[in-house]
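Next come the chains, spelled out residue by residue.
Number of protein chains: 2
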Amino acid sequence: MDYQLRLNIAQKKLRRRKIDILLVASPENRRYLSGYSAVDHGIAESSGILFIPARGQARLLTDFRYQLQAECETDLEVVVYRKGLISLLESLLSAEKDVQRLAFESHYTLHSFSLKLAALAEKRKVTLVPVTALIEKLRVIKSQEEIELLRRSVSLNERVFRSIHRSLMPEMTELDIALAVESAMLQAGAEAPSFLTIVAAGDNSASPHAAPTRQAVGSNRSITLDMGLKLKGYCSDMTRNFVIGEPDSRYFEIHRLVRKAQKAGIGAVRAGITAAQVDRAARKIIADAGYSKHFGHALGHGVGLAVHEEPRVSARSRKQLKAGMVVTIEPGIYLPGWGGVRLENMVVVGDDGCEVLNRDETWLDI
Amino acid sequence: MDYQLRLNIAQKKLRRRKIDILLVASPENRRYLSGYSAVDHGIAESSGILFIPARGQARLLTDFRYQLQAECETDLEVVVYRKGLISLLESLLSAEKDVQRLAFESHYTLHSFSLKLAALAEKRKVTLVPVTALIEKLRVIKSQEEIELLRRSVSLNERVFRSIHRSLMPEMTELDIALAVESAMLQAGAEAPSFLTIVAAGDNSASPHAAPTRQAVGSNRSITLDMGLKLKGYCSDMTRNFVIGEPDSRYFEIHRLVRKAQKAGIGAVRAGITAAQVDRAARKIIADAGYSKHFGHALGHGVGLAVHEEPRVSARSRKQLKAGMVVTIEPGIYLPGWGGVRLENMVVVGDDGCEVLNRDETWLDI
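Protein chains in written order, with my numbering: chain A, 1 to 366; chain B, 1 to 366.
Treat the hints with care, since some could be wrong.
Same chains, same label: a pair holds when it works inside one copy or across any pair of copies.
What the hints assert, rightly or not - In the DSS-like style, the derived pairs of lysine-lysine whose C-alpha atoms are separated by at most 30 Å in a straight line are:
no. : residue 1 : residue 2
1   : LYS13     : LYS116
2   : LYS319    : LYS83
3   : LYS322    : LYS116
4   : LYS83     : LYS284
5   : LYS116    : LYS18
6   : LYS284    : LYS263
7   : LYS322    : LYS137
8   : LYS13     : LYS232
9   : LYS137    : LYS116
Rather than coming from a laboratory, the hints here were simulated on the basis of the structure.
Source: prediction; values computed, not measured.
From just these sequences and the hints, can you work out the full model?
Shown next as structure tokens:
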């Protein structure tokens with residue numbers, strides 16, 4: 001990855017917005033601009049901040065615990081804060097000439113930390129500028145290199161899925177399966193799961209974000225398996241839905257409806273359409289069949305260095321899709337007491353349609 | 001757990017501070033007050049907020065994806081937001097009489113969300129009050145029931161540690177071991193690891209927060225294993241440091257020094273002492289031996305529903321320890337190019353000393 005190029009583009013944006021310094025706290029933005037891959041253990045425990053002047057060299061500020069990793073992963077100068085970040089920022093700001101506008105990521109900064117930044121800004125007589133999505137806007141259109149990494153991430157995820165799917169047995173618990181999935185991901189070379197694997201059977205699958213339980217998945221029940229992994233930072237995200245044993249007629253009905261909605265959504269994706277129009281194309285299929293209130297979440301979301309990123313593919317998003325965006329298409333129907341079915345693929349938006357990154361067809365068209 | 005009692009105590013605090021409504025966003029605070037155990041997938045993806053009036057019934061606000069879990073886990077009324085949290089808050093505020101001061105958790109609210117709250121507050125003509133650590137202050141002193149859960153969490157974690165330690169071989173990679181640890185935790189009945197397991201050998205152990213690599217741990221090298229699990233929400237956190245094969249004289253020197261520092265730290269803990277004094281007691285041992293700059297992190301931290309919580313046991317913390325607090329004591333020495341040694345136990349602060357919750361003595365006094 002050409003991090004220097006990305007930094008140059010970011011710096012150009014800063015100059016256009018008359019920002020003298022940008023502090024980048026979001027782990028995905030940090031990684032996008034520098035290659036530094038440490039994650040944060042919760043937002044209150046930052047593993048570092050990029051200090052990016054509108055001109056000149058960016059630096060990575062971190063603490064003692066991450067110093068070696070930071071030095072190893074990035075070409076940027078690493079500055080370690082020993083007396084806290086605010087105190088280091090104060091001395092860095094003193095050393096810079098003519099800083100008038102200091103920007104920070106409003107969408108990845110705690111309100112409590114923003115108060116400390118505000119006090120610092122007042123002391124140093126600089127204007128504090130909250131920005132949102134400044135770096136995210138660069139990330140939303142993927143380069144060919146990034147699409148290739150996403151393709152490999154999807155492909156590895158599917159390989160793991162198939163190896164697990166082949167070995168499923170009704171007496172395995174949801175947790176057993178989730179563990180097997182996450183183990184297999186790491187053994188296969190993934191950096192990490194890109195989110196907590198969802199394995200939900202029967203009733204439990206009626207919760208779109210069910211946590212795996214110690215219940216056996218059993219036979220003849222709907223099983224939702226939603227899984228993804230990170231490869232060089234790039235996330236995959238896929239859901240398959242199936243039954244061990246014999247699906248009943250209701251399962252067939254719901255599954256086929258969800259698949260039809262998914263195809264309608266995928267069919268609608270192309271550059272120039274709004275995210276809401278894509279959502280509507282899929283949602284209409286489900287609504288026309290009378291299940292509208294059982295599809296309570298958005299149709300999809302962007303995927304890249306973050307597993308959930310822009311653009312959201314929801315009924316309320318007026319954003320236009322553009323070529324090079326990567327989104328999931330994942331309709332679902334959830335019936336409390338019975339279960340749910342969700343199907344999810346990832347697609348790359350193209351000028352005249354989209355490329356589905358998934359190759360796996362297990363239990364899609366049944 | 002008596003959630004209603006905890007809510008009553010919180011409401012009393014609200015009345016004392018003339019707060020009419022408190023919004024609780026932190027997952028640990030939510031769980032402490034309601035039993036609702038969902039985690040957030042990043043702070044930008046909340047799985048719910050408690051809406052706590054100074055008088056009357058608290059409610060849990062969440063979205064469609066978590067509705068069933070919320071209804072199942074808590075006795076509170078669950079209100080689902082379909083058009084976003086802000087819009088639900090607006091209608092809840094309209095329904096409440098005489099709301100003048102609306103408080104939110106400054107330390108677990110994004111700056112960007114605080115701007116939306118501010119706009120809502122202006123519209124509804126209420127004063128927005130950022131609070132920090134209001135619920136955390138209730139959590140910092142553990143009840144007997146909580147200490148018992150922490151004891152069980154520590155004990156289960158140690159059982160897992162010993163089963164893994166027995167089966168270690170030099171050809172295993174750091175990642176193999178981390179995976180084996182986390183699998184064993186879940187199989188043993190833990191809810192989840194309480195943080196990403198650290199397995200670091202040789203050079204890599206010189207980074208206090210090393211991520212496990214695909215390198216074999218090898219023989220005769222320092223291996224740091226830092227692990228913890230959640231049991232009914234309560235976290236354990238333990239570090240053991242050892243060698244497969246024969247430690248060299250340097251390993252003995254560093255390990256014994258760290259253990260001596262740990263004992264000095266544990267020996268200093270009692271109600272009434274400041275956290276900084278405890279830090280100093282341990283740090284002095286390491287400084288006197290000439291390794292001061294190789295112990296770059298704090299001595300410890302509180303543990304409870306969060307694996308890192310108040311009180312921080314650092315050189316700069318003037319907080320007084322009180323009976324019923326639970327903290328880690330974890331000095332370390334990190335030598336770039338060689339490796340590191342860290343030893344960590346959890347202790348309960350008592351009036352005249354402390355109770356060490358750990359029973360495991362593997363590779364402590366060598």
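To see whether the hints hold, each was checked on the structure:
1. LYS13 with LYS116: Cα proximity of LYS13 and LYS116: in one copy and across copies (25 Å, 25 Å).
2. LYS319 with LYS83: between (43 Å within a copy, 18 Å between copies)
3. LYS322 with LYS116: Close across copies (28 Å), not inside one copy (38 Å); limit 30 Å.
4. LYS83 with LYS284: between (56 Å within a copy, 19 Å between copies)
5. LYS116 with LYS18: both (22 Å within a copy, 25 Å between copies)
6. LYS284 with LYS263: Within one copy, since 12 Å is at most 30 Å while 66 Å is not.
7. LYS322 with LYS137: For LYS322 and LYS137, the Cα distance is within 30 Å only inside one copy (12 Å; across copies 48 Å).
8. LYS13 with LYS232: within (26 Å within a copy, 47 Å between copies)
9. LYS137 with LYS116: both (27 Å within a copy, 21 Å between copies)
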